[in-house]
Amino acid sequence: MEYTWDFKVILDSFPLLLRGLVVTIELWILAFAIGLSLGFAVSLARVSSRGWLNAPAIGYVEIFRNTPVLVQLIWFYYAFPIVLGAQLSPFTAAALSLTLNTSAYCAEIFRGGIVSIARGQWEGAKAIGMTRAMTMRRVILPQVLKRMLPAFTNRGIELAKVTSLASLLAVNELMYQGRLLSSTYYRPLEILTVVALVYFVLIYPGSYLSARLERRLAARD
Amino acid sequence: MQYQWDFAAVWNHFDLLIVGLIGTVELALVSIVLGVIVGFLVALMRLSHRRALRTPATAFVEFYRNTPPIVHFFWFFYALPIVIGLSFEPFTAAVLALSTQSGAFYAEVFRGGIVSIERGQWEGAKALGMNYRTVLRRVILPQALRRMVAPFVDRSFELTKTTALASSLAYAELLYQAMQVNSITYRPMEVYTTIAIMYFIVLFAASNLMRLVEYRLARVG
Amino acid sequence: MSDTVIRIRNLHKRFGDLHVVKGVDLEVKRGERIAIIGASGSGKSTILRCLNFMEMPSDGTIELDGKVLGTEARANDGAAARTYSESELCEVRTRVGMVFQQFNLFPHMTVLENVMEGLITVKRTPKEAARSRATEQLAKVGLQDKLHAYPGKLSGGQQQRVAIARALAMDPEVLLFDEPTSSLDPELVGEVLRVIHALAEEGRTMLLVTHELGFAYHFADRVVFIADGIVYETGTADDVLKHPQKERTQAFLARFTERAF
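Residue numbers (this note's numbering), protein chains in the order written: chain A, 1 to 221; chain B, 1 to 221; chain C, 1 to 261.
Just chain A, same shape as in the assembly:
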């Protein structure tokens, strides 16, 4: 089958793709930053010995991990406004659901790190009169943050990929622009391939760094 590639289409559509890329990155940074902090809060509730804190945190994490992200996006865009009583913009709905989704995964990473620290550390800190909050900040977190770094990087990579689902809510990010352009020009092969490559260029450095980091940390232990 002979197919003539049209490279001009790629050049023509590049400015619009770049504009989409900017929205992708905005969405990514927003969801990752808030997702991380929220995830930490959830993990504290998750490791708490109080049932009324612990149980909802488990429910929260499990709901987000056991349903498809796309369903979460659709739910926050179409269903959530009904209880809220106000329409959300596609970007807000996407940012909200991606943030909450990311926070659930980050909560599990934080929790894994926190419980991996031996009880002796907590007891040692308690014995010198430290409060729980102080112990967490001065003793526990410094030990685990480094160890959790590869897991967080992986989460960041997953999130970067998942932002593309916002295109299905018509958020004008990279994938959306790609689909729009490919139907405008009738050139899905060129444009979708370029979109894939742009994502690759965006994400690959992160996963390369993450793999190196993991090897370095593994070598040290």
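It is worth saying that the hints were derived from the structure and are not from the lab. Nothing false has been slipped in among the hints.
So the derived label-pair ranges between C-beta atoms look like this:
id, chain 1, residue 1, chain 2, residue 2, range
1, A, GLN143, B, HIS49, 38 to 48 Å
2, A, GLY112, B, TRP5, 30 to 40 Å
3, C, GLY152, B, ARG51, 31 to 41 Å
4, C, THR83, A, PHE14, 43 to 53 Å
5, C, THR83, B, THR55, 18 to 28 Å
6, A, GLY112, C, GLN250, 53 to 63 Å
7, C, MET56, B, ARG133, 15 to 25 Å
8, C, ASP17, A, GLY112, 33 to 43 Å
With a Cα cut of at most 16 Å, we get these calculated EDC-like pairs of lysine to aspartate or glutamate:
id, chain 1, residue 1, chain 2, residue 2
9, C, LYS67, C, GLU173
10, A, LYS161, B, GLU158
11, A, LYS161, B, GLU62
12, C, LYS153, C, GLU113
13, C, LYS29, C, ASP221
14, C, LYS123, C, GLU88
Glycine included, every Cβ here is placed at the ideal spot set by N, Cα and C.
Starting from the known structure of chain A, fit chains B and C onto it as the hints suggest.
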């Protein structure tokens, strides 16, 4: 804000959702089986001493790990038919996207399992005069398979969630069917909450079932 | 049939920039027992591991029963190197057996299955014949009551005896021992050495890399002292271990204060 819940509207069309659920399970199972085959072959290529085999396999894995699944879905549905000159059913395109993508991840599962077996096992077997294939089949894989179960389950779980993206190709899986029910009933809250619960039940049950199998295997081993 | 089983000529092994074996020549006669000694890092294990191609020689030739192994080829850098086909290597390895420092038993198989494995998959022995041969070999190393145990349940000494039975089952012409007692607790060394000694009585051709100089003295027809990747001194056990001629050998032996030959 007082919202009148009306699950009866959903209940009346529950048969449509059941059709969707079956579509989801079908898509997931077919893609898992094909993905495992792709993954095994790619893993063998990555472990090969020949660069001509290793390099394309590595490129394959890295490409899929660093690009979003939705791009693959659209690429297989809209772009590939142009190259090969025949169009695909949504199901076929979805299977292609899912099985190649999960193949890249399964390849890493296989490779990780195989390289985790210490060098002495290779040497012990080779010293008896076994060739590469026999060593792999009789000595390495039986030990490696046990270690692969957990990451394999995680990957298949992710794949099952990703099947929701097939809705964007109008394949009648659970999310797509929910959209249809929603357009009949105008009850997004009830419809999307219902399918979220359905996904949750299926995924939660499946992952816990697999954990049990995993636990059993670990005890046998 | 010639009297010489293995002839090594100008063997070299490099790991990247590290030149570990620097031109070794050695001849092994049928029925001969050779002990290879030397400091750690001297290259003695590497030489042994080249003989059944656990390591690929960087240069030089290995002859088995008068036949030079491999075919000559030009490497990328223009230097002469040999290539070996997988089928040839497999064949050589069934004729040159090896016992490893770390035993390398298959943990997912019972003791009996470990010993049967090579017979069935490599030698295509029928299952019943393989079973009786394996049982016989295990009885020989004193483990007839452990046939259905998994290696993980055995002591290090028992595991090493299984490994010896596994190598013996293939009926190799030459047996290589790569520091077979180095990873054993001291009280378990004796049982393994007794088994090796019994094999020596049978007249098997054996090469043993070891730190057990006392055992080497009683075991070996010939002792080879390796230093810096070359054969530094060689001769009878008496020559090398009791009356070493060269300074390096003397210095090495002097470090073993408890020499009870």
